[in-house]
Amino acid sequence: MIADVLQRRLVFVTGKGGVGKTAVTLALALAAARERRRVLVVEINPYGRVGEYLGGVTLGPEPVEVAPDVSAACIVPEIVLEDFAIRMLRIRALARRLVASQTFRIVAAAAPGIEDFLTLDRIASWEAARIGLRQRRHRFDLIVVDAPATGHSVPLLSTPGTLLKLLPFGPLAGTARDLTLLLSDPSKTAIAMVTRAEEMAVNETLELATVLMRLGIPLLPPIVNAVSPLRFTRAEMRRLLAEPPDLPPSLRAHAAVGRFGAARQRTAEREIRRLGHALAMPSLRLPVVPARAFGMAALEQLADELANARPGGRRRAGGMA
Amino acid sequence: MTASRPSSGQVAGAPRAPIADLVDRYRLLLCVGSGGVGKTTAAAALGLGAARHGRHAAVLTIDPARRLKDSLGIAKLDGEPHRVPLERLDATVTGSLDAMLLDAKRTFDAIIRRYAPSDAAAERVLANRIYQTISTALAGSQEYMAMERLHAIASEARYDLLVVDTPPTQHALDFLEAPERLTALLSSRAAAILQNPSSILSRDSSRLAQAALAAVLRGLELFTGFELLREVAEFVAGIEGFSSGFQSRAAEVAAFLRERDTAFLLVTTPEPARVGESLAFHRELARAGLPFGGFLVNRVLPAHLVDAPAPDPDRAGEGDAALARKLAALHRRFAAVAEAERAEIARLAQAAPGAPLVEIPLQTEEPTSLRSLAHITDALVS
Numbered sequence: 000m001i002a003d004v005l006q007r008r009l010v011f012v013t014g015k016g017g018v019g020k021t022a023v024t025l026a027l028a029l030a031a032a033r034e035r036r037r038v039l040v041v042e043i044n045p046y047g048r049v050g051e052y053l054g055g056v057t058l059g060p061e062p063v064e065v066a067p068d069v070s071a072a073c074i075v076p077e078i079v080l081e082d083f084a085i086r087m088l089r090i091r092a093l094a095r096r097l098v099a100s101q102t103f104r105i106v107a108a109a110a111p112g113i114e115d116f117l118t119l120d121r122i123a124s125w126e127a128a129r130i131g132l133r134q135r136r137h138r139f140d141l142i143v144v145d146a147p148a149t150g151h152s153v154p155l156l157s158t159p160g161t162l163l164k165l166l167p168f169g170p171l172a173g174t175a176r177d178l179t180l181l182l183s184d185p186s187k188t189a190i191a192m193v194t195r196a197e198e199m200a201v202n203e204t205l206e207l208a209t210v211l212m213r214l215g216i217p218l219l220p221p222i223v224n225a226v227s228p229l230r231f232t233r234a235e236m237r238r239l240l241a242e243p244p245d246l247p248p249s250l251r252a253h254a255a256v257g258r259f260g261a262a263r264q265r266t267a268e269r270e271i272r273r274l275g276h277a278l279a280m281p282s283l284r285l286p287v288v289p290a291r292a293f294g295m296a297a298l299e300q301l302a303d304e305l306a307n308a309r310p311g312g313r314r315r316a317g318g319m320a
Numbered sequence: 012m013t014a015s016r017p018s019s020g021q022v023a024g025a026p027r028a029p030i031a032d033l034v035d036r037y038r039l040l041l042c043v044g045s046g047g048v049g050k051t052t053a054a055a056a057l058g059l060g061a062a063r064h065g066r067h068a069a070v071l072t073i074d075p076a077r078r079l080k081d082s083l084g085i086a087k088l089d090g091e092p093h094r095v096p097l098e099r100l101d102a103t104v105t106g107s108l109d110a111m112l113l114d115a116k117r118t119f120d121a122i123i124r125r126y127a128p129s130d131a132a133a134e135r136v137l138a139n140r141i142y143q144t145i146s147t148a149l150a151g152s153q154e155y156m157a158m159e160r161l162h163a164i165a166s167e168a169r170y171d172l173l174v175v176d177t178p179p180t181q182h183a184l185d186f187l188e189a190p191e192r193l194t195a196l197l198s199s200r201a202a203a204i205l206q207n208p209s210s211i212l213s214r215d216s217s218r219l220a221q222a223a224l225a226a227v228l229r230g231l232e233l234f235t236g237f238e239l240l241r242e243v244a245e246f247v248a249g250i251e252g253f254s255s256g257f258q259s260r261a262a263e264v265a266a267f268l269r270e271r272d273t274a275f276l277l278v279t280t281p282e283p284a285r286v287g288e289s290l291a292f293h294r295e296l297a298r299a300g301l302p303f304g305g306f307l308v309n310r311v312l313p314a315h316l317v318d319a320p321a322p323d324p325d326r327a328g329e330g331d332a333a334l335a336r337k338l339a340a341l342h343r344r345f346a347a348v349a350e351a352e353r354a355e356i357a358r359l360a361q362a363a364p365g366a367p368l369v370e371i372p373l374q375t376e377e378p379t380s381l382r383s384l385a386h387i388t389d390a391l392v393s
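Quick note, the sequences are listed as chains A and D, same order. Note that the numbering used here numbers the first sequence so that position 79 is 78, with each residue one more than the last. In the numbering used here, each residue's number is its place in the second sequence (first place is 1) plus 11.
Possibly wrong hints are sitting among the right ones.
[Stated by the list, open to error] Where chain A lies over chain D, by a calculated footprint (3+ residues, C-beta under 8 Å): (1) 41-52; (2) 277-285; (3) 324-333; (4) 359-368; (5) 372-379.
[Claimed, not checked] To list a few chain A residues with every Cβ distance to chain D over 12 Å, as calculated: (6) Met-0; (7) Glu-34; (8) Asp-177; (9) Asp-184; (10) Glu-203; (11) Glu-242; (12) Leu-278; (13) Gln-300.
Keep in mind the hints are simulated off the structure, nothing from the lab. Source: prediction; values computed, not measured. We put the beta carbon where it would ideally sit given N, CA and C, even for glycine.
One chain only, chain D, in its complex shape (with noise of 0.2 Å):
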C-alpha cells in the first residue's frame, strides 16, 4: 500500500483504522456488491466516518432507498444535495456530510438536451417513446447515467470524498459495460441497421429474410402497441449529428472510473455465497483494469462474543441450568459461526493480500437512525 495523505482530523501517532486509509486516500469510492449484503449502509457508515474524520464527503445513492433517509436523519432525498445533520450526534464534527439521489433520467434528459443541435431537435428526441424506454429500460443505462451524473459532480470538486452506492448487480460491471451498450447503439453503424432493419440479414437480405424481419417487428409492434419502426426511424433520425458528443463523453466517463483517486469497494457478508460472488467481482474488477479498494465484510458476528470458554451447565445452580444450557449452546453455535466466518474472510484476505479489509460487525438491530448508524461508524473506526 502506497502512503496515505494526512487528514485534519488524523491525530498524529495513533494507530490507523482501514477505514481511515479509505477516507483519506480517495476522493471517490464506489461501493458493489449483491443484493442485500448492506450497500446502502455500508455507504452511509463511511460517508459518515469520513465526516467524522474532516472530510466534506457526500453519500451518492441510485436508488431512494427509504432506510439511507431514514439513517441519516434527513426529509428528503432526490437530485438535489441534502446535509445530514451530524450536529445531533456530535457538536464537534468538523467535516460535512451531504446525501444526493442520482437520478438516471434526469441526467439522461440533460444530455440529449446538451447534444442535440436545436431545441426543437431534443424535444423531437425526449418525447420519442423508443427514447423513453431506452433511458429507463435497457439494461445498464440507468447505471451509465448515474456514473455520468457522478462525473458532473466530481469536476466540480465540491467534496473531498463522494462514496456511491450502486445498485445490486448480479454482474459487477453492468454499469461500466453500459456506455458500451449506448454507444454501439447510437454509433452510426448501428444507427443505419435501425433505419433499414432489413441490414441485419444482410448476409441474404432477401426477400424471404425481409418478410421475415417485418413479420417479427409486426409482432413487436403489436405487442407494445406503437409503431415500433417508425418510432426507431423517428429516434434515430432524432439523435442522429450529436451521436460523436455523446460517445466522446461516454470515453470520458470510462476514463474517470480508472482516475488514481477512485476505488471500487466489495461489499460481502462472511457467507460462502455472497464470498463467492465477491471473489468472482473481484476478477472482473482485475480483468476491467479498475481500481480495487477493498472489502467491506458486512454482518460480521463479533467474535469477542466467544472469547471466554462455554459456560458449564453443571456448574450453574439449580434454578439456572435451564439457561446456563441455553447459554452454552449460543456460545457453541457462535463459536461454529465465527469459525466459519473467519474462514471466509481469510479467502477474500488470500484473493487480495494487502488490500484493506474492514469489517462492520453485526448488530442487533438494523441501522434506522443517525444514532444507529454511528454506531457502525464507530466499530469501523475503532
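Looking at chain A on its own, in the form it has when it is part of the complex (with noise of 0.2 Å):
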C-alpha cells in the first residue's frame, strides 16, 4: 500500500463521515516520512483534528514541521479568498479589507464552487513548489490531504473540471485546466477512500467510487479501517453461530461473547467481499485501534499496519488481539 502511496505525489483522503479518515491521513504522512519523504498534511475542514492528533499543535495557513519530515497546514476560507482578491487586485491591504466584509462574503458564496476551486489551486502550488540550489528539489515529495467527508469532497474534486465546461476561455481556464490535468495524472494523485466493514459505509464508498471514476480520478486500494484483528475460523463460525450453540460446557457461558463476534465478523466479510467485488480491487484493512490512547503512539501503530499491510492479504498470519 505505501509503495502505490509513495509514487504518487498528491492523495486526497475521503470516506463516510467518522470512519476515520484524519487517522489515515496522518498514518499515511508518518508511513511516508519513515521512507524519507517530506511530507505535507493539509486539512480541509474548518474544525478538523489533525492538530488535536498531533498533541494540541494549532495549524495555520502556512506549513510548519509537526513531525520529523511531516509538515500541515490547513486551508482557511478567508485566507484563500483573500488570495483570489489580491490576484485580481494585487493590492493586499486592500484585498484585506474586501474579504473582511460581510457583503463580499455573501456575493462569493453565491459564486458556488469558488472555495474550492482557491482550496485546490492552494493545495496545487503547494505540489509544485521547490526549493534547494537552482529550485530543482521540490519542496514536498507528497502531499496527503484530510479531505471533507464523501458528500463534499466530490463537489471539490470536480469543481476544475466543471468550471472547464462553463468557461474553456479565460484568466482562470488555465488555472482550471491545469488542475484537471493535476487530479487525473495516475502519476501524481490518487484518492484514498477509507471506509468500515459495515453495510451503509461501503455503501457509500461504491457511490463514491462510480463518481471519482467518472471524473477520471486514479483510485487507491480502499481502506478498510477498524476491522477487529480476532478471526474466527468458518469452523469455529459455524459452531459459535449454531443454534444452540456447538460447545464444550466449559466455554458455554461465553456462548453470547462468541456469538456476538462471530456475527459481527460474518457482517465486516460479507461487507469487505461486497467492496472488492463491486470495484474489482482488492482492499486493505487496518486494524481496530483502542481509541481512548489516541494520539501519536496509534498513529504510529496505524504507520506501521500500513507499511506492511498488501491489499486483499492478511499482514501476518494468525494475527490475534
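Two chains, two frames, a set of hints: combine them into the complex.
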C-alpha cells in the first residue's frame, strides 16, 4: 500500500463521516516520512482534528513542521478568498478589507465552488513548490490531504472540470485546466477512500468510487478501517452461530461473547467481499486501535500496519488480540 | 426532572425507561450530532418507540437517506407524509408513525411567494440566479428552511410528537444561526450595500477602492460566468418590500425552537472524539439558551456480554483449545472496550447531571428493515 502512495505526489483521503479519515491521513504521512519523504498534511475542514491528533498543534495557512519530515497546514476560507482578491487586485491591504466585509462573503457565497476551486489551487501551488539550489528539489515529496466527507469531497474534486466546461476561455481557464490535469494524472494523484466493514459505509464508498471513476480521478485500493484483528475460522463460526451453539460445557458461559463476535465478523467479511467484488480491486484492512489511547503512539502503530499491509492479504498469519 | 405527562400506552406502576420520558414529555425532538454517529437510526428508533407508546409521531429528515426509507419500510420519502406500516410489525400498536422530508428549496420558494407583493415579483426572484444559489448554497439556508417547514408542520398540530433528523454539522448551531445570516442579507442595510457595493469600502471610498472592488467582482463574474452585479442588484430590488415579513417569520421560528416542549437530543457514539464533540455541542446549546433533552449514545457494546469471567483456555478440551483462546482474547477486548465506553459515558453524565442518557446497543447488523429497527427500539425501551 505504502509503495502505491509513495509513487504519487498528491493523495486525497476521503470517506463517510466518522470512518477515521484523519487518523488514516496522518498514518499515511508518518509511513511516508519513514521512507524519507518530506510530507505535507493539508487539512480542509475548518473544525478538523489534525492538530489535536498531533498533540495539540495549532495549524495555520502556512506549512509548519509537526514531526520529523512531516509538515502540516490548514486551508482557511478567508485566506483563500484573500488570495483570490490579491490575484485580481495586486494590493494586499485592499484585498484584506474587502474580504473582511460581510457583503463580500455573501457575494462570494453566491459564486458556488469558488472556495473549492481556490482550495485546490492552493494545494496545487504546494505541489509545485520547489526549493534548493536552482530550485531543483520539490519542497514536498508527498502531499496528503485530509479531505472532507464524501458529500463534500465530490463537489470539491469536480470543481475544475465543471468550471472548464462553463468557461473554456478566460483567465481562470488555464488554472482549471492545470488542476484537471493534475487530478487525473495517475502518476501524481490518487484518492484513498477510507471505509468501515459496515453496510452503509460500503454503500457510500461504492457510490463515491463510481463518481470518481467518471471524473477520471485515480483510485488507490480502498482502506477498510477498524477491522477486528481477531478472526474465527469458518468451522469456529459455524459452531458459535449454531442453534444452540456447539460448545463444550467449559465454554458455554461464553457463548454470548462468541456469537456476538462471530456475527460481527460475518457482517464485516460480507461487506469487505462486496466492496472488493464491486470495485474489482482488493481492499486493505487496518486493525481497530483502542480509541482512548489515540495519539502519536496509535498513529505510529497504524503507520506500521500501512507499511506492511498488502491489499487483500492479511498482514501476518494468526494475528491475535 | 419535572413530572411528565402520563401516556396512553403507559402501564401503571411499571418502571419508566428514559425513552418513555423523552417521547411522552416533548412535542418536538431534534437529533443533532456529528456525521456518522447514527442520527437517522436514532430518530427512526425514537419515532417507532413513540408510536408503540401510543403516540402519533412523525420522523422528519432533511437528508433523503435511502436507509431511512428502508429501515422504515416505506416506498417513498418526500415532502408529503408517508405512513410507516407498523401493522407489519405488531397489530396491537395504538399509535402511528409518519415519515417525511423537509424540502428546503421548496420551502424557500413558498416563502418568497407568500411575502412577495405580487406574483410577477415572486417569479422575478425565483428566476434570479443569486436567489437560486443563496436558497441552496448559502451555508445554513437549507437548515433554516427546514426549521421553517418544521414550524409549519408543528403549527398544524397533526402529530403528538415530531422527531427531526438534522444534517451532520460540525457546528451544532449552524441551522440556528442561519436566520441571522439570512436576515442580515435581507436587512435594509445589507441590501443597501449590495445595491451600491462600493460602500463596503466606505471608510475610504476613493476611486482606487471602487476600482479595486470592480476588479474583484469582475473576477467573480468570470468565475461564475454570469453578471454577478446585475443579478445581485435585481435580487435586492426583487426582495425589497417583503424582507420585513421574512424577518418576523425568522424570529418566530427562533422562538419556536425554545418552547417548553421542544428538546435537542445529542446523538453520539461512546468514542472519545465523538464524546468530546458532543460535550462541545452541549455547551453551545446552553450558551444559546436552547433546551437540552438528553444524550443518545449509539453503538454501545452490550456490557452483559462480559458479565461472566473470561474463559480459561487451559480448562478447555484439546480440540477446543484454539477456540477457547480466541474467546478469551475476545472477552478481554470486549471488557476493555466496555470499560473505556463506561468512562466516556460517565463524562457525558457528568456534564449534564440528571439529564436522560439513553444507550443504543451495538448491533451485529445495521438496521435496514422495520424489523431490525424494532430490535433497536426494543433495546431502548426495555
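Here is what the structure says about each hint:
1. 41-52: Our answer is that it holds, as 4 residues pass the Cβ test (under 8 Å) against chain A, meeting three.
2. 277-285: holds (count 5)
3. 324-333: holds (count 5)
4. 359-368: violated (count 0)
5. 372-379: holds (count 4)
6. Met-0: holds, 23 Å
7. Glu-34: holds, 28 Å
8. Asp-177: Holds: least Cβ distance 16 Å, greater than 12 Å.
9. Asp-184: holds, 24 Å
10. Glu-203: Contrary to the label, Glu-203 (chain A) does not stay out of reach of chain D, its closest Cβ about 10 Å off (not over 12 Å).
11. Glu-242: holds, 15 Å
12. Leu-278: Given a closest Cβ separation of 20 Å, the condition holds.
13. Gln-300: For Gln-300 (chain A), whose nearest Cβ neighbour in chain D is about 15 Å away, the distance exceeds 12 Å, so it holds.
Figure legend: structure checked against the earlier numbered hints; hints not met, in rising order: 4, 10.
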